[in-house]
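Taken in order, these protein sequences are the chains called A and B.
When the letters of the first sequence are read in order and numbered with UniProt numbering, they come out as residues 1 to 250.
When the letters of the second sequence are read in order and numbered with UniProt numbering, they come out as residues 1 to 250.
Accuracy of the hints is not assured; some may be wrong.
As the list makes no split between identical chains, a pair holds if one copy fits it or if it spans any two.
Claimed, not checked - The calculated DSBU-like cross-link candidates involving lysine-lysine, where the alpha carbons are at most 30 Å apart (straight line), are:
| id | residue 1 | residue 2 |
| --- | --- | --- |
| 1 | K176 | K121 |
| 2 | K176 | K127 |
| 3 | K28 | K58 |
| 4 | K128 | K58 |
| 5 | K84 | K127 |
| 6 | K5 | K200 |
| 7 | K5 | K58 |
| 8 | K176 | K58 |
| 9 | K148 | K28 |
| 10 | K148 | K58 |
| 11 | K121 | K178 |
| 12 | K128 | K176 |
| 13 | K28 | K178 |
| 14 | K9 | K28 |
| 15 | K178 | K209 |
| 16 | K121 | K200 |
| 17 | K28 | K176 |
| 18 | K184 | K121 |
| 19 | K84 | K6 |
| 20 | K51 | K28 |
| 21 | K178 | K127 |
| 22 | K58 | K121 |
| 23 | K84 | K51 |
Source of the hints: derived by calculation from the structure; they are not laboratory data.
Keep in mind it's a predicted model, so treat the numbers as computed, not measured.
Here are the chains, one letter per residue:
There are 2 protein chains.
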Amino acid sequence: MEIVKKLNKALLHNKPDGRCLLNIEDFKNIAEAYTGTENCIAVLSDMQYDKSYIFSSKTSLELGLNFHDYPVTIDSIWEEEMLKKIHPDDRMKKYVHELRFFRFLESVNIENRSEFSVFSKIRMEDKKGIYQWIRHRMFYFFSPYNRKLRFALCLYDIEWDQSALSSRFLIINTVKGKVAFEDKMDYNNILSSREMEILKQIGEGLTSKEIADVLSISIHTVNRHRQNILEKLKVKNSVSAFNEVMDKFL
Amino acid sequence: MEIVKKLNKALLHNKPDGRCLLNIEDFKNIAEAYTGTENCIAVLSDMQYDKSYIFSSKTSLELGLNFHDYPVTIDSIWEEEMLKKIHPDDRMKKYVHELRFFRFLESVNIENRSEFSVFSKIRMEDKKGIYQWIRHRMFYFFSPYNRKLRFALCLYDIEWDQSALSSRFLIINTVKGKVAFEDKMDYNNILSSREMEILKQIGEGLTSKEIADVLSISIHTVNRHRQNILEKLKVKNSVSAFNEVMDKFL
Numbered sequence: 001m002e003i004v005k006k007l008n009k010a011l012l013h014n015k016p017d018g019r020c021l022l023n024i025e026d027f028k029n030i031a032e033a034y035t036g037t038e039n040c041i042a043v044l045s046d047m048q049y050d051k052s053y054i055f056s057s058k059t060s061l062e063l064g065l066n067f068h069d070y071p072v073t074i075d076s077i078w079e080e081e082m083l084k085k086i087h088p089d090d091r092m093k094k095y096v097h098e099l100r101f102f103r104f105l106e107s108v109n110i111e112n113r114s115e116f117s118v119f120s121k122i123r124m125e126d127k128k129g130i131y132q133w134i135r136h137r138m139f140y141f142f143s144p145y146n147r148k149l150r151f152a153l154c155l156y157d158i159e160w161d162q163s164a165l166s167s168r169f170l171i172i173n174t175v176k177g178k179v180a181f182e183d184k185m186d187y188n189n190i191l192s193s194r195e196m197e198i199l200k201q202i203g204e205g206l207t208s209k210e211i212a213d214v215l216s217i218s219i220h221t222v223n224r225h226r227q228n229i230l231e232k233l234k235v236k237n238s239v240s241a242f243n244e245v246m247d248k249f250l
Numbered sequence: 001m002e003i004v005k006k007l008n009k010a011l012l013h014n015k016p017d018g019r020c021l022l023n024i025e026d027f028k029n030i031a032e033a034y035t036g037t038e039n040c041i042a043v044l045s046d047m048q049y050d051k052s053y054i055f056s057s058k059t060s061l062e063l064g065l066n067f068h069d070y071p072v073t074i075d076s077i078w079e080e081e082m083l084k085k086i087h088p089d090d091r092m093k094k095y096v097h098e099l100r101f102f103r104f105l106e107s108v109n110i111e112n113r114s115e116f117s118v119f120s121k122i123r124m125e126d127k128k129g130i131y132q133w134i135r136h137r138m139f140y141f142f143s144p145y146n147r148k149l150r151f152a153l154c155l156y157d158i159e160w161d162q163s164a165l166s167s168r169f170l171i172i173n174t175v176k177g178k179v180a181f182e183d184k185m186d187y188n189n190i191l192s193s194r195e196m197e198i199l200k201q202i203g204e205g206l207t208s209k210e211i212a213d214v215l216s217i218s219i220h221t222v223n224r225h226r227q228n229i230l231e232k233l234k235v236k237n238s239v240s241a242f243n244e245v246m247d248k249f250l
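Chain A with its partners taken away, still in its complex shape (with noise of 0.2 Å):
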């Protein structure tokens, strides 16, 4: 999955040297806060280990998600379980929307960078396999010794307000009140509806095979349509393809 790869390089530094001295106890707390006071799913994930803690709540069994540990650990910064359940290209966007709250907060001094987070609305599926508008919510948190990205924690819970229209990516200021940036990805500008479904299986790691056992298509239509894609984005392999279209969100 190139996204997700690209995530990885940029957010892990699982390197003996340079250790951040958070601890990570505290955090945990933070997490636990969170689920006990608002009922949200909480994932706190360490950048540092590569591992994420899942603390659960009452929510998690209107998602069907059923976590028989509190908190459940996992040797990997991405929670299958919960990314599993979102749409996948509200799954796609996040991505992006994450990759560039990085890039956005590096550009960011590191003592103002705790003003900012991510707000958004994605869809999930609930333990009735309909999708329900959830609230993500995401905050970083940087260590001030070797000022890097240390723990990242996504909130998720139902939203109230189920009347939304299409899924939000914001970053917020949270100090002044403010949306400091929000995304409006509309990749239909650049390929069809079609490619880009085809271009987004691509950059979550299939195979042309696999792409159209998904869409129950033959392989000859995915490759034709992988064709067009490279001759549109005059790029020479759909890797390069995916990560020009992330280019221009970015």
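Chain A is fixed; fit chain B onto it per the hints.
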């Protein structure tokens, strides 16, 4: 202030018997988790000891509030510094909504009470004296030991979406992602807006003389309005009038 008296009666229980056994340090940590993560102002009120703790953040300065301690300790569950910044109409509705929330929770099994919280959009003056839309969230924590309300956590932050048309007062079920109750108080169907204004001042405990000063009208005019209010509501005195209007919405 009649509504505050009502609230004190409902919320406070500072009797030597029946201690709730919850540890305030745990709840101070929750308040700090919020201020540290999302830069809101967190006010933790302790119903057992009639105290409040204000945890400030950079957002405080945007609202022209300069707290010298962290947290500031107050010998009351009411945080006057914050409250006096709220638009008078919203402050009144906030009180009514708070009392309603308390009564609503009393009707809910103690095991399920933590599913509910208050979400409001209210107007508060910023450092320039301009009203901004503020997101106000409130959580109540009941003791599993004596089953009484022990802590209220109020979170204030500047709303990034300032496009709201009117204030809003909701009770949310955060597990299901549903609005459990929405306030649609329309006092104006009962009394004229001037009469309502005067009734609110009465509710806040002002004398006729003080109301006359606030509204820059004569005391005779105030008294004539008071008389009209009593006649319209068919009650004997202003306190009853105030309670009558309150009860209509509780």
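Hint check:
1. K176 <-> K121: For K176 and K121, the Cα distance is within 30 Å both inside one copy (21 Å) and across copies (16 Å).
2. K176 <-> K127: between (37 Å within a copy, 12 Å between copies)
3. K28 <-> K58: Both, since 18 Å and 23 Å are each at most 30 Å.
4. K128 <-> K58: For K128 and K58, the Cα distance is within 30 Å only inside one copy (16 Å; across copies 42 Å).
5. K84 <-> K127: For K84 and K127, only the intra-copy Cα distance (13 Å) is at most 30 Å; the inter-copy one is 45 Å.
6. K5 <-> K200: Classified as within; 14 Å inside a copy, 60 Å across copies.
7. K5 <-> K58: The answer is neither: 32 Å in one copy and 35 Å across copies each exceed 30 Å.
8. K176 <-> K58: Classified as between; 9 Å across copies, 32 Å inside a copy.
9. K148 <-> K28: Answer is both; intra-copy 19 Å and inter-copy 28 Å each pass.
10. K148 <-> K58: between (33 Å within a copy, 22 Å between copies)
11. K121 <-> K178: Answer is both; intra-copy 17 Å and inter-copy 15 Å each pass.
12. K128 <-> K176: For K128 and K176, only the inter-copy Cα distance (13 Å) is at most 30 Å; the intra-copy one is 39 Å.
13. K28 <-> K178: both (28 Å within a copy, 27 Å between copies)
14. K9 <-> K28: The answer is within: 24 Å in one copy meets 30 Å, while 37 Å across copies does not.
15. K178 <-> K209: Intra 45 Å, inter 42 Å, cutoff 30 Å: neither.
16. K121 <-> K200: within (20 Å within a copy, 38 Å between copies)
17. K28 <-> K176: both (27 Å within a copy, 24 Å between copies)
18. K184 <-> K121: For K184 and K121, both the intra-copy (13 Å) and inter-copy (26 Å) Cα distances are at most 30 Å.
19. K84 <-> K6: Answer is within; shortest intra-copy Cα gap is 19 Å, inter-copy 49 Å.
20. K51 <-> K28: both (12 Å within a copy, 28 Å between copies)
21. K178 <-> K127: Classified as between: cross-chain Cα gap 16 Å, same-chain 34 Å, threshold 30 Å.
22. K58 <-> K121: Intra 20 Å, inter 26 Å, cutoff 30 Å: intra and inter.
23. K84 <-> K51: Intra 18 Å, inter 45 Å, cutoff 30 Å: intra-copy only.
Taken one by one, the earlier hints fail for this structure at numbers 7, 15, listed in ascending order.
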